[in-house]
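Numbering (this note's numbering), first residue to last: 20 to 231.
These are computed hints drawn from the structure, not numbers from a lab.
Since this is a predicted model, take the numbers as computed values, not measurements.
For each residue, glycine too, the CB sits at the ideal point set by N, CA and C.
Just so you know, not all the hints are guaranteed correct.
Okay, the calculated beta carbon distance ranges per label pair [as the list claims (entries may be wrong)]: (1) VAL225 / ASN174: 45 to 51 Å; (2) MET109 / ASN193: 42 to 48 Å; (3) SER191 / ASP71: 35 to 41 Å; (4) LYS226 / THR81: 48 to 54 Å; (5) TYR80 / ASP173: 25 to 31 Å; (6) ASP228 / LEU145: 24 to 30 Å; (7) PRO195 / ARG70: 22 to 28 Å.
Within a straight-line C-alpha distance of at most 20 Å, the following computed SDA-like cross-link-like pairs (lysine to any residue) qualify [what the hints assert, rightly or not]: (8) LYS149 / THR178; (9) LYS197 / ALA167; (10) LYS104 / LYS149; (11) LYS170 / ASN152.
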Amino acid sequence: MNDTDIQTIQNTVREIKQSFRLLMNGVTAQSMRDKGLDYHINWGASLPHLRDMAAEYTPNYTLAQKLWKENIRECKILATMLMPKDQFHMDHAMLWAEETHTQEIAEIAVMNLYQHMPYAEEMALLLLSKPDNMAQIHGFSIMSRLFANGKIPDNPRDTNEFLDQALAALSSNNIPVKHCAWNAISHFAEIDQSCHSATKNALKSVKMDDWL
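From just these sequences and the hints, can you work out the full model?
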């Protein structure tokens, strides 16, 4: 990328950041703060407004990366909308997941990007193997999206690994992780009768089968 291209990207980022003032919603931003969503800068812009803004720009890898590095809620959301999927490799996705500190951004990144990647299942299982809560939220959110679309793990061993991780999460004290795990396991159970039976048996092993 030459100097002119770099300057163009920088100008675009500056233009985008300035335009957030027009979308500012102080009530929404305050509500997010009250709920513990602590961003360095949060304009409270709605997702529909941000989607409309994203539609004005051509997806661009460098632009998305620059936006992601800004510690601004709206920049990170736009980054997930403007990242070209065919250029977003798993190592980049894992880095973004590692750098994500709010459930909102995690779930938006899953919705806009991670679930659509050819490595989505592999990424989810890798994240579920990590002990920290945000990694677990990412992993279960990805699996939930995949299951909602009828995607079953190719390897039965991966299914068992998912169920084991879900059971562990359901027994934890972390409410957001537990909620994400339940969403994922519920979507899995709805795929077909065999998935429902597998889920029922797994839950029965920890005396939670009456949950389903």
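Verification of the supplied hints:
1. The given range of 45 to 51 Å is broken by VAL225 and ASN174, whose C-beta atoms sit roughly 23 Å from each other.
2. In this structure, MET109 and ASN193 break the distance hint of 42 to 48 Å, their C-beta atoms being roughly 26 Å apart.
3. Under the hint 35 to 41 Å, the C-beta atoms of SER191 and ASP71, about 38 Å apart, fit the expected range.
4. At roughly 52 Å, the beta carbons of LYS226 and THR81 sit within the given window of 48 to 54 Å.
5. Taken as a hint, the range 25 to 31 Å holds for the pair TYR80 and ASP173, whose Cβ atoms sit roughly 29 Å apart.
6. With their beta carbons about 29 Å apart, ASP228 and LEU145 fall inside the hinted range of 24 to 30 Å.
7. The supplied range of 22 to 28 Å is met by PRO195 and ARG70, whose beta-carbon atoms lie about 25 Å from each other.
8. For the hint linking LYS149 to THR178, the alpha-carbon distance of about 17 Å falls within 20 Å, and the restraint holds.
9. For the given pair, LYS197 sits about 18 Å from ALA167 by alpha-carbon distance, which is consistent with the 20 Å threshold.
10. Between LYS104 and LYS149 the alpha-carbon distance is near 25 Å, which puts this suggested pair outside the 20 Å criterion.
11. In summary, the hint linking LYS170 to ASN152 is not supported, as the alpha carbons are separated by about 24 Å, beyond the 20 Å threshold.
The earlier numbered hints that this structure contradicts are 1, 2, 10, 11.
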